[in-house]
Amino acid sequence: MTKSYQEIPLTPISDTPSTVNITGLWRVMMPVVDREKCKKCTICWKFCPDVAVKLVGGVPEIDYQYCKGCGICAAECPSKCIVMVKEGEQ
Amino acid sequence: MRMVMTGNYASAYGAKLARAEVIAAYPITPQTSIVEKLAEFVATGELKAKFIPVESEHSAMAACIAAQTAGARTYTATSSHGLTLMHEVLMWASGARLPIVMTNVSRAMAPPWSVWVDHMDSIAQRDTGWLQFFCQSNQEVLDTIIMAYKVCESSGVMLPAMIIEDAFILSHTSEPVDVPEQQLVDSFLPAYSPDLKIEVGKARGFGSLVKPDQYMEFRYKAMLAMKEAHDRILRVEQEFKHVFGREHGGLLERYRCENAETVLVTAGSVAATAKDVVDALRANGQRVGLARIRAFRPFPHDEIRSLASKLEGIAVLDRSYTFGAAGAMFTEVKASVYSCQKRPVMKNYIAGLGGRDITPKILERIFEDIQVIAKRGAEDEVEWVDVAGLPRRWR
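As you go down the protein sequences, you meet chains A and B in turn. Letter by letter, the first sequence follows residues 1288 to 1377 of this note's numbering. Letter by letter, the second sequence follows residues 302 to 696 of this note's numbering.
In case anyone wonders, no lab produced these hints; they're calculated from the structure. Heads up, the beta-carbon is just placed ideally off N, CA and C, and yes, glycines get one too. Where hints are given, some of them may not hold.
To be verified - Below, simulated PhoX-like cross-link-like pairs (lysine-lysine); rule was C-alpha separation at most 25 Å, straight line:
(1) B/Lys542 - A/Lys1290
(2) B/Lys528 - A/Lys1355
(3) B/Lys528 - B/Lys542
(4) A/Lys1290 - B/Lys351
(5) B/Lys662 - A/Lys1290
(6) A/Lys1367 - A/Lys1355
(7) B/Lys503 - A/Lys1290
(8) A/Lys1327 - A/Lys1341
(9) B/Lys676 - B/Lys662
(10) B/Lys676 - B/Lys611
(11) B/Lys676 - B/Lys643
(12) B/Lys676 - A/Lys1290
(13) B/Lys498 - B/Lys351
(14) B/Lys542 - B/Lys503
(15) B/Lys349 - B/Lys498
(16) B/Lys542 - B/Lys512
Stated by the list, open to error - Okay, the calculated beta carbon distance ranges per label pair:
(17) B/Phe624 - A/Leu1312: 57 to 63 Å
(18) B/Met392 - A/Asn1308: 56 to 62 Å
(19) A/Leu1312 - B/Ser640: 50 to 56 Å
Kindly produce the complete structure, drawing on both the sequences and the hints.
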């Protein structure tokens, strides 16, 4: 709903985090983790620009609601335990 | 206390007296001595501020934006290519409604490479939503910085301001400057305390995305703020005069314009030369005057209109050129004059680009020219002055 200019602040302020914006739908390629091969180095977790890698017992778990499928985690993973798979073909 | 100082030191003292809390800057000729002086003030403890040396002008403005969003009063200074590199973030500063004050030492754009004065850099930023003040003297530079903070920080305005001093003519030339007492400045300019800022423990995003259904309302508010700035500038200058005993002419300084037939409109340091020329011509019985554009944004449309309706001719001297159009000041003045019942003859003179001297002789010839064509009508609306290869001789 459009607010009148008198009702709005000087500049747009958001009180809610961007988590309302489900970006997982943008994905074309999805990262798939081979939990057995993971060396728990946490590099994928550090590199994810969208905080879509969670660590569960030191092993990555991808949050597919937000992961845009950029592939940085797969590219950075030294033990090659993350592979990018075309959406719908996993 | 009266001191002899350059325009750049006047800028530094202005920022110091205004108690800027965060200064982020990158050096560029001929601005560097402003931030060098400020760095010295901070290093010696004379100014309690955080000095952030950055890797570019874009970063300097970005740092000021962040600090100002956190509630600090910020200052930076730049020139020419530094200013144009900032362009994107200048838009951000005004859209985020942050009353940052910055000195721009106005310098020509390259190529041809030049470090000398013209107004192309400043004029190119006229649509960024910043207030723009062109100064004539070093005293005016210092005073305008202090006044600009007060204008910009008022709740009805909340927009940034650019204080423009001419390269070398002001930046590196010493003049006597009255440096007011800190106590007096403190009584005039209270500490900055914005209604809205980043607060620890309260997660908020600033400048977030809005959809087409809400964008225009934010721009409309900024438009109203710029209108409000017009009246604020006048009110703050009256307060300033009351406290410090000086004033500089509001948005449009009118010098000997009473009963004038023709008037020269210009901005910056050349106005000082033009005042001497007006005095000489007046002594000769010529009814001429000078109108100096002090505020280019907001533009003094009403002031120009009320002046123009009594005139026969207006010469507008631009120290920059908007390619494919005319001088930017000429275009604006002409737009103001259009709604006058009786319109004077107008002509645009492009002069002094890249630091070329605009001598009293040249200004005399401009007055001579405009007085002649005011009687017979303008032939060439825009004339480039003192260009080798053109038939007319100006010197």
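Evaluated hints:
no. : hint                             : result
1   : B/Lys542 - A/Lys1290             : violated, 41 Å
2   : B/Lys528 - A/Lys1355             : violated, 44 Å
3   : B/Lys528 - B/Lys542              : holds, 22 Å
4   : A/Lys1290 - B/Lys351             : violated, 39 Å
5   : B/Lys662 - A/Lys1290             : violated, 58 Å
6   : A/Lys1367 - A/Lys1355            : holds, 19 Å
7   : B/Lys503 - A/Lys1290             : holds, 24 Å
8   : A/Lys1327 - A/Lys1341            : holds, 12 Å
9   : B/Lys676 - B/Lys662              : holds, 22 Å
10  : B/Lys676 - B/Lys611              : holds, 15 Å
11  : B/Lys676 - B/Lys643              : holds, 14 Å
12  : B/Lys676 - A/Lys1290             : violated, 55 Å
13  : B/Lys498 - B/Lys351              : holds, 18 Å
14  : B/Lys542 - B/Lys503              : violated, 41 Å
15  : B/Lys349 - B/Lys498              : holds, 21 Å
16  : B/Lys542 - B/Lys512              : violated, 45 Å
17  : B/Phe624 - A/Leu1312: 57 to 63 Å : violated, 46 Å
18  : B/Met392 - A/Asn1308: 56 to 62 Å : violated, 24 Å
19  : A/Leu1312 - B/Ser640: 50 to 56 Å : holds, 53 Å
Violated hints, listed in ascending order, are 1, 2, 4, 5, 12, 14, 16, 17, 18; each of the other numbered hints is respected by the structure.
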